[in-house]
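Quick note, the sequences are listed as chains A and B, same order. For the first sequence, the numbering used here begins at 15 and goes up steadily by one. For the second sequence, the numbering used here begins at 15 and goes up steadily by one.
These are computed hints drawn from the structure, not numbers from a lab. Computed from a predicted structure; not experimentally measured.
Heads up, simulated PhoX-like pairs for lysine-lysine below, C-alpha to C-alpha not over 25 Å straight-line:
#: 1; chain 1: B; residue 1: 98; chain 2: A; residue 2: 276
#: 2; chain 1: A; residue 1: 297; chain 2: B; residue 2: 146
#: 3; chain 1: A; residue 1: 409; chain 2: B; residue 2: 375
#: 4; chain 1: A; residue 1: 327; chain 2: B; residue 2: 375
#: 5; chain 1: A; residue 1: 169; chain 2: B; residue 2: 372
#: 6; chain 1: A; residue 1: 300; chain 2: B; residue 2: 98
#: 7; chain 1: A; residue 1: 375; chain 2: B; residue 2: 372
#: 8; chain 1: A; residue 1: 253; chain 2: A; residue 2: 288
#: 9; chain 1: B; residue 1: 146; chain 2: A; residue 2: 300
#: 10; chain 1: B; residue 1: 327; chain 2: A; residue 2: 372
#: 11; chain 1: B; residue 1: 372; chain 2: A; residue 2: 327
#: 12; chain 1: A; residue 1: 98; chain 2: B; residue 2: 300
If you want the footprint, here are the derived chain A segments under chain B, 3+ residues with CB under 8 Å:
#: 13; stretch: 116 to 126
#: 14; stretch: 200 to 207
#: 15; stretch: 225 to 235
Virtual Cβ for every residue (Gly too), placed ideally from N, Cα, C.
Number of protein chains: 2
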Amino acid sequence: MLQVKTPEEVFRLIEMEFQPLTKQAETVSLSEALGCVLAENIVAAEYVPGFNRSTVDGYAVRASDTFGCSDAIPAILPVAGEIKMGEEAAVPLPRGTCFYVPTGGAIPEGADCVVMIEYTEDYGDGTIGISKPGTPGMNLIFRGDDVFPGKPLLKAGHVLAPQDIGALAAIGKTEIPVQKRLRIGVISTGDELVPPDQQPAPGQIRDVNGPLLSAVLREFGAEPVNYGIVVDDEALLQKKTELAAKECDAVILSGGSSVGVKDAACRIIESMGKLLLHGIAVKPGKPTILGKAGNKPLVGLPGHPVAAFFVTKLFILPLLAQLSGRENTVFPVSAELAENIGANHGRAQINACHLERKGEKLLAFPIHSKSGLITQLSGADGYFIIDRDCEGLPKGASIRIYQ
Amino acid sequence: MLQVKTPEEVFRLIEMEFQPLTKQAETVSLSEALGCVLAENIVAAEYVPGFNRSTVDGYAVRASDTFGCSDAIPAILPVAGEIKMGEEAAVPLPRGTCFYVPTGGAIPEGADCVVMIEYTEDYGDGTIGISKPGTPGMNLIFRGDDVFPGKPLLKAGHVLAPQDIGALAAIGKTEIPVQKRLRIGVISTGDELVPPDQQPAPGQIRDVNGPLLSAVLREFGAEPVNYGIVVDDEALLQKKTELAAKECDAVILSGGSSVGVKDAACRIIESMGKLLLHGIAVKPGKPTILGKAGNKPLVGLPGHPVAAFFVTKLFILPLLAQLSGRENTVFPVSAELAENIGANHGRAQINACHLERKGEKLLAFPIHSKSGLITQLSGADGYFIIDRDCEGLPKGASIRIYQ
Numbered sequence: 015m016l017q018v019k020t021p022e023e024v025f026r027l028i029e030m031e032f033q034p035l036t037k038q039a040e041t042v043s044l045s046e047a048l049g050c051v052l053a054e055n056i057v058a059a060e061y062v063p064g065f066n067r068s069t070v071d072g073y074a075v076r077a078s079d080t081f082g083c084s085d086a087i088p089a090i091l092p093v094a095g096e097i098k099m100g101e102e103a104a105v106p107l108p109r110g111t112c113f114y115v116p117t118g119g120a121i122p123e124g125a126d127c128v129v130m131i132e133y134t135e136d137y138g139d140g141t142i143g144i145s146k147p148g149t150p151g152m153n154l155i156f157r158g159d160d161v162f163p164g165k166p167l168l169k170a171g172h173v174l175a176p177q178d179i180g181a182l183a184a185i186g187k188t189e190i191p192v193q194k195r196l197r198i199g200v201i202s203t204g205d206e207l208v209p210p211d212q213q214p215a216p217g218q219i220r221d222v223n224g225p226l227l228s229a230v231l232r233e234f235g236a237e238p239v240n241y242g243i244v245v246d247d248e249a250l251l252q253k254k255t256e257l258a259a260k261e262c263d264a265v266i267l268s269g270g271s272s273v274g275v276k277d278a279a280c281r282i283i284e285s286m287g288k289l290l291l292h293g294i295a296v297k298p299g300k301p302t303i304l305g306k307a308g309n310k311p312l313v314g315l316p317g318h319p320v321a322a323f324f325v326t327k328l329f330i331l332p333l334l335a336q337l338s339g340r341e342n343t344v345f346p347v348s349a350e351l352a353e354n355i356g357a358n359h360g361r362a363q364i365n366a367c368h369l370e371r372k373g374e375k376l377l378a379f380p381i382h383s384k385s386g387l388i389t390q391l392s393g394a395d396g397y398f399i400i401d402r403d404c405e406g407l408p409k410g411a412s413i414r415i416y417q
Numbered sequence: 015m016l017q018v019k020t021p022e023e024v025f026r027l028i029e030m031e032f033q034p035l036t037k038q039a040e041t042v043s044l045s046e047a048l049g050c051v052l053a054e055n056i057v058a059a060e061y062v063p064g065f066n067r068s069t070v071d072g073y074a075v076r077a078s079d080t081f082g083c084s085d086a087i088p089a090i091l092p093v094a095g096e097i098k099m100g101e102e103a104a105v106p107l108p109r110g111t112c113f114y115v116p117t118g119g120a121i122p123e124g125a126d127c128v129v130m131i132e133y134t135e136d137y138g139d140g141t142i143g144i145s146k147p148g149t150p151g152m153n154l155i156f157r158g159d160d161v162f163p164g165k166p167l168l169k170a171g172h173v174l175a176p177q178d179i180g181a182l183a184a185i186g187k188t189e190i191p192v193q194k195r196l197r198i199g200v201i202s203t204g205d206e207l208v209p210p211d212q213q214p215a216p217g218q219i220r221d222v223n224g225p226l227l228s229a230v231l232r233e234f235g236a237e238p239v240n241y242g243i244v245v246d247d248e249a250l251l252q253k254k255t256e257l258a259a260k261e262c263d264a265v266i267l268s269g270g271s272s273v274g275v276k277d278a279a280c281r282i283i284e285s286m287g288k289l290l291l292h293g294i295a296v297k298p299g300k301p302t303i304l305g306k307a308g309n310k311p312l313v314g315l316p317g318h319p320v321a322a323f324f325v326t327k328l329f330i331l332p333l334l335a336q337l338s339g340r341e342n343t344v345f346p347v348s349a350e351l352a353e354n355i356g357a358n359h360g361r362a363q364i365n366a367c368h369l370e371r372k373g374e375k376l377l378a379f380p381i382h383s384k385s386g387l388i389t390q391l392s393g394a395d396g397y398f399i400i401d402r403d404c405e406g407l408p409k410g411a412s413i414r415i416y417q
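Construct the complete structure from the given sequences, taking the supplied hints into account.
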């Protein structure tokens, strides 16, 4: 008989038991790449910018030609040319002259800085007075300042954010190697369940976990594959679970509140591979089962939607991140607990909460409700965790809110 | 001539000048609704659960039939029936008897609590010994505890999270009225720009802002419409901007670093409606233009990708949220500044940063780089803002990180 494990033990178990999948990468266009997981390291192959570039409107000069100038005694330099946007200077900058250059324009060869137009005066006779000395490198971005060949830009496993899309555009990477989305089979079990679009008869309820878990998976970037509702029939459940395991990278069963179904899920997982975990010391979420068929996780979640939700967020998404070799950094929000909250379970306690800003403070109001009410989650701004050896937290305690 | 405005003034300006659009709603299925903006308030029309429901495996009883029982003197009740999952009791609970009921099962009429199976003993003769007295309501969820007809569930303008999808499933709402996505025209201007998939000639650079801003808009839930790169030709730019304004809900121009193009963008906006803003006191991002044609925002962003990115996140997304009447609550992460940082610009300063957890502390490392380098953003974990009247922040200062 497997013992109930603490969250830390579960994380270690996941780390030990599952290897990153070697999934086929696919190539998507830049406009489809947002939120995808990079399948390869991205290393720059060229210089960005490809030329020395002005960051201001002004005159490109040799700094040494302006040394010692001032308002009283400007350096007077003939204008030898004008740089147009998108073009380079036809000739290098002759000594003792200047070129007009717009913001973003290419600096002519020989120039080593740009004097802002505010510090110049056009005398109208083809010469410019410069009243502030330049220093080499002033108001310039040098060729390759942003990117140079061989510069590592992004790592395999990185989830592409908008700013990464910009960086990929800058280096001309428009076909992006990304990992195929994980396919996760979702099965709801229970004689009492009807699909959400049906009217439940007395004693029946609608399947919440199917749509809920699919949405959590979709938000994470995985592809939920819905195998519908399976009644409490072990042979049928086994068949469905085996089908899902064949077609997907992982299978999540949920429901089966009754003892018989829980036992059935354990037997099915054991018959398909190995049962790793039977019970996590968290509230809600204790009756969680985890096993594997080869390297494919087989998860049995509690039937209560709130428990199924929290267990998925806390344990299953990190497991899937590990499976796909993707980064999974989460930065929780710090908030101040707005009221005392008790906990005395010998299990880590997960609480949904509302957040409210009051001046400089961010206050967290725990949502109190009976077990299993889905609406306690809907509209919540996040959740926090009370350690299992903690008997509660006082009003004003600093807590971390996960979203 | 319009004056440079502070961020607070810009937010007030946006609030005053733009009204929520009356966009057509559309109906999507539950599986497509994640991330969509609700077009109507959602009010429950029925009870969830629809029956009194057990939260444990055990025996449904009248609490009064168990008062005073104990380990030594159990209450002995005949088993009058068994509830099956998904069914209701055929008859009410006869006085002085009990019904077996599984977790999630329907409580028979007459029963007012459930005694957990752990506190019972099956004598094998059709009677059950109960060693712990029940109290009314114990181990039950009453009909409508979660939802009842008329209960407001979610508000118009709410962005649907996974837990909301679960709540909608619970009440049988599978056709969801959502707002059509905002269509935002994106135009990049500049003679120096080539599309990202082309090799730039000397003096040219790839268009970063087009893909970057499209990704920011997509992440926000809007639909970017790409009008490509327009060279520095006022008539052409006017034509494109007018076309985009006709086809979209807002238009974002970016680029035009040269003075001529900036002036052209101002003239175009004035010719199409009203110029509202010319310059924001932020660094980077000062040369931002905002106007409107009717109620359609016309935005002119700086050409530097970093500036364009920050201005979009800070000002344009809140503007679009207001336009679509959607909530736009952001809870920043609190972090500790890992090093001193200077600021002396008379403008609010926006800094990208890396975050790193060190024990209990979350440290923010500012990313230092020259203006305009896109790779300073790529891989950043967020950004923070230094107020314009602040000369810098010391190492250890508590700052808010936006993502």
